[in-house]
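Heads up: the protein sequence lines correspond to chains S and W, in order.
Under my numbering, residue 483 is the last one in the first sequence; the count climbs by one each step, no gaps.
Under my numbering, residue 587 is the last one in the second sequence; the count climbs by one each step, no gaps.
Be a bit skeptical, because a hint or two may be false.
[As the list claims (entries may be wrong)] Using C-beta positions, here's what the derived DEER-type ranges look like:
(1) Pro309/S to Lys570/W: 49 to 59 Å
(2) Gly580/W to Glu14/S: 50 to 60 Å
(3) Ile549/W to Pro309/S: 26 to 36 Å
(4) Ser539/W to Ala456/S: 39 to 49 Å
(5) Gly147/S to Ile565/W: 29 to 39 Å
(6) Glu294/S to Ile549/W: 37 to 47 Å
(7) Asn106/S to Arg551/W: 26 to 36 Å
(8) Lys77/S to Ile549/W: 26 to 36 Å
(9) Asn530/W to Val22/S: 56 to 66 Å
(10) Gly580/W to Lys77/S: 49 to 59 Å
[Unchecked claim] To spell it out: a stretch of chain S is covered by chain W in this simulated footprint if at least three of its residues, at any positions, have a beta carbon under 8 Å from a beta carbon of chain W; those stretches are:
(11) 238-248
(12) 342-352
These aren't lab readings, by the way, just hints derived from the structure by calculation.
In this text the structure is predicted, and so the values were computed from the model without any measurement.
A virtual CB, placed ideally from N, CA and C, is assigned to each residue, including glycine.
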Amino acid sequence: MMTKNNYMTQKLNELTIKEARVGLDNGNFTAVELTQACLARIKERNGDINAFITVCEKGALEEAERAQKLIKDGKQKALTGIPFAVKDAICTAGVRSTGSAKILDNYTPPFDATVIKKIREQGGVFLGKNNCDAFGHGASNENSMYGPVRNPHDLTKVAGGSSGGSAAAVADNMCLFAIGEDTGGSIRQPASFCGVVGLRPSYGRNSRYGIMPMASSYDTVGPMTKTVEDLAMVMTEIAGQDDRDATTVPDLVPDYLKELKKDLTGIKIGVPKEYFDVDGMDEEVRKITRKKIEELKKQGAKIVDVSLPYTKYALSVYYIIVPSEDSSNMGRLDGVRYGVREEEKNLYDLYAHSRSAGFPEEVKRRILIGTYALSAGYYDAYYKKAQQVRTLIRQDFDRVFGEVDALITPTSPFPAFGIGEKSADPMALYLADIMVSAAGCGGIPGLSIPAGNTKAGLPVGVQIMGPRMSEGLVMRLGHHLTK
Amino acid sequence: MHVINMSLSVEDVRKIAKLARLELSPMEEKRYAETISVVLDYMKILNEVDTTGVESTSQVTKLQNIMREDIPRDSLIRKELIAQMPKVKMEELIVPGVFNDDEE
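All chains, full assembly: derive it from the sequences and hints.
Following this line, the structure appears as structure tokens:
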């Protein structure tokens with residue numbers, strides 16, 4: 001049992017949610033002290049890491065006081081008094097939400113995204129907004145108009161993207177957990193680069209109301225935490241159907257913590273060979289992943305070699321469908337009703353100047369690719385073709401999940417790369433998504449867990465994927481591999 | 484049958500940018516033509532897949548016609564929405580005329 005003395009050697013901001021819950025409920029420290037520890041860490045480190053665009057110091061301390069009162073009255077829930085951070089592409093009531101693009105530099109949403117509302121309603125302490133690739137466009141967090149996020153393990157390296165600020169904030173103990181968004185890897189890849197846990201849930205599991213949309217048929221929102229247990233705690237609180245998001249599914253939300261307790265006997269895990277012969281795959285990543293596969297075997301799981309032959313097309317499908325849907329979603333950002341407007345005498349110039357000044361290079365590139373792919377004469381060759389191949393990728397998953405319960409792969413073919421190393425070559429950056437884009441195509445859950453470090457001290461993540469709505473199983477596997 | 488093209492000219496970029504309401508400098512046009520051509524070249528790989536008779540995937544949940552009761556409930560507050568508008572006069576949003584602009 002932890003006593004007050006233990007907490008003096010370990011700083012409060014370094015606690016997991018589970019540990020903090022026990023400490024708060026036992027009165028070992030208060031929600032205000034816990035929040036102050038996170039705010040102090042942010043002050044100390046954010047200048048170097050750039051994980052936060054906006055910090056809500058005053059609001060967070062007020063929320064912490066309210067949370068402490070709930071705890072004192074015995075009215076606390078799972079996340080009462082727990083300090084958390086939110087990706088800036090998610091709307092937060094009364095707090096500036098830029099999406100990391102200047103076109104929304106002054107935008108303060110009058111409402112909370114549903115997942116944020118759920119956390120705040122039970123007294124979660126909202127610390128501030130995390131830097132990200134603008135509107136989720138990127139895999140390195142270098143496409144933010146507020147500067148890149150630096151990896152806490154090595155400040156010369158990227159944090160990954162697009163939810164890079166959220167991953168770095170959790171890894172550096174600036175918050176206890178963060179809420180990110182994953183379209184084709186934006187939670188999992190930065191989680192692997194920064195050494196934290198991140199879940200892309202099944203499409204439709206969590207409400208996306210209030211999430212700035214990127215690719216509507218791919219987008220998901222999920223937690224980033226220090227442990228799988230913490231992830232299960234947050235998922236249990238935020239998942240579920242929402243009548244403000246008609247794509248959410250009616251399936252009941254299980255108590256994911258209970259799911260973690262089951263063992264792995266009889267579970268069949270597939271190792272898809274296509275994920276292990278990727279060009280440029282780092283040998284240390286391969287070795288660390290293999291070690292985790294051995295651990296699964298020791299814990300009673302059966303390991304089966306499987307094949308997903310359409311995997312090699314997933315990235316092309318992703319980079320056609322996503323920019324297409326994206327170019328349409330970005331249409332709402334035009335300087336007319338909200339955000340930053342460049343005043344002009346005629347409407348066309350107002351649109352064009354506001355958009356050109358307010359979007360970074362990569363957002364414009366994706367809008368151009370999408371507009372091209374959807375334009376007359378090219379729709380069939382690009383968009384329709386990609387949607388058809390997407391069907392084949394989904395059928396690959398359907399077939400393989402008839403043979404095995406889940407899949408294990410690396411999350412990224414390589415650990416965090418240098419800031420500026422790939423930014424001149426967009427295709428090289430797109431290739432960073434090679435392990436994570438297929439789950440987006442299939443709408444299936446993918447979990448990244450920290451699996452070890454390279455000799456240079458950079459974290460390596462392993463990905464576990466399962467059939468749609470199998471978050472419980474995926475987290476159970478992740479828990480057994482990290483506990 | 485349409486097949487995936489390999490490259491994009493500066494002229495193409497200019498045309499798409501106009502459709503997308505983006506204004507690009509000549510330098511940007513050149514850079515986008517080069518970088519997007521590399522991306523399109525990579526996508527050629529899709530030409531090897533036979534998709535004859537394969538259905539398109541436009542969504543993954545199989546949900547259809549999601550209905551809810553049409554009952555009044557709390558919605559966004561007018562004053563807060565107006566506060567986000569870039570240019571307001573007498574509580575109304577001001578924009579340049581739609582039909583009197585001089586777009587070529």
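Cross-check of the supplied hints:
1. The beta-carbon spacing between Pro309/S and Lys570/W, approximately 55 Å, falls within the hinted interval of 49 to 59 Å.
2. For Gly580/W paired with Glu14/S, a C-beta distance near 58 Å keeps the hint of 50 to 60 Å intact.
3. The given range of 26 to 36 Å is respected by Ile549/W and Pro309/S, whose C-beta atoms sit roughly 34 Å from each other.
4. Between Ser539/W and Ala456/S the beta carbon distance is about 44 Å. The supplied range of 39 to 49 Å therefore holds.
5. The hinted window of 29 to 39 Å between Gly147/S and Ile565/W holds, with their beta carbons roughly 32 Å apart.
6. At roughly 45 Å, the beta carbons of Glu294/S and Ile549/W sit within the given window of 37 to 47 Å.
7. One distance hint, 26 to 36 Å for the beta-carbon pair Asn106/S and Arg551/W, holds here, with the actual separation near 33 Å.
8. The hinted window of 26 to 36 Å between Lys77/S and Ile549/W holds, with their beta carbons roughly 28 Å apart.
9. In this structure the hint that Asn530/W and Val22/S lie 56 to 66 Å apart at CB holds, the actual value being about 58 Å.
10. In this structure the supplied range 49 to 59 Å holds for Gly580/W paired with Lys77/S, their Cβ-Cβ distance being about 53 Å.
11. Residues of the segment 238-248 of chain S lying with their CB closer than 8 Å to a CB of chain W number 3, which satisfies the three-residue condition for coverage.
12. With 9 residues carrying a beta carbon less than 8 Å from a beta carbon of chain W, the segment 342-352 of chain S meets the three-residue requirement, and the given coverage holds.
The structure meets every hint from the earlier list without exception.
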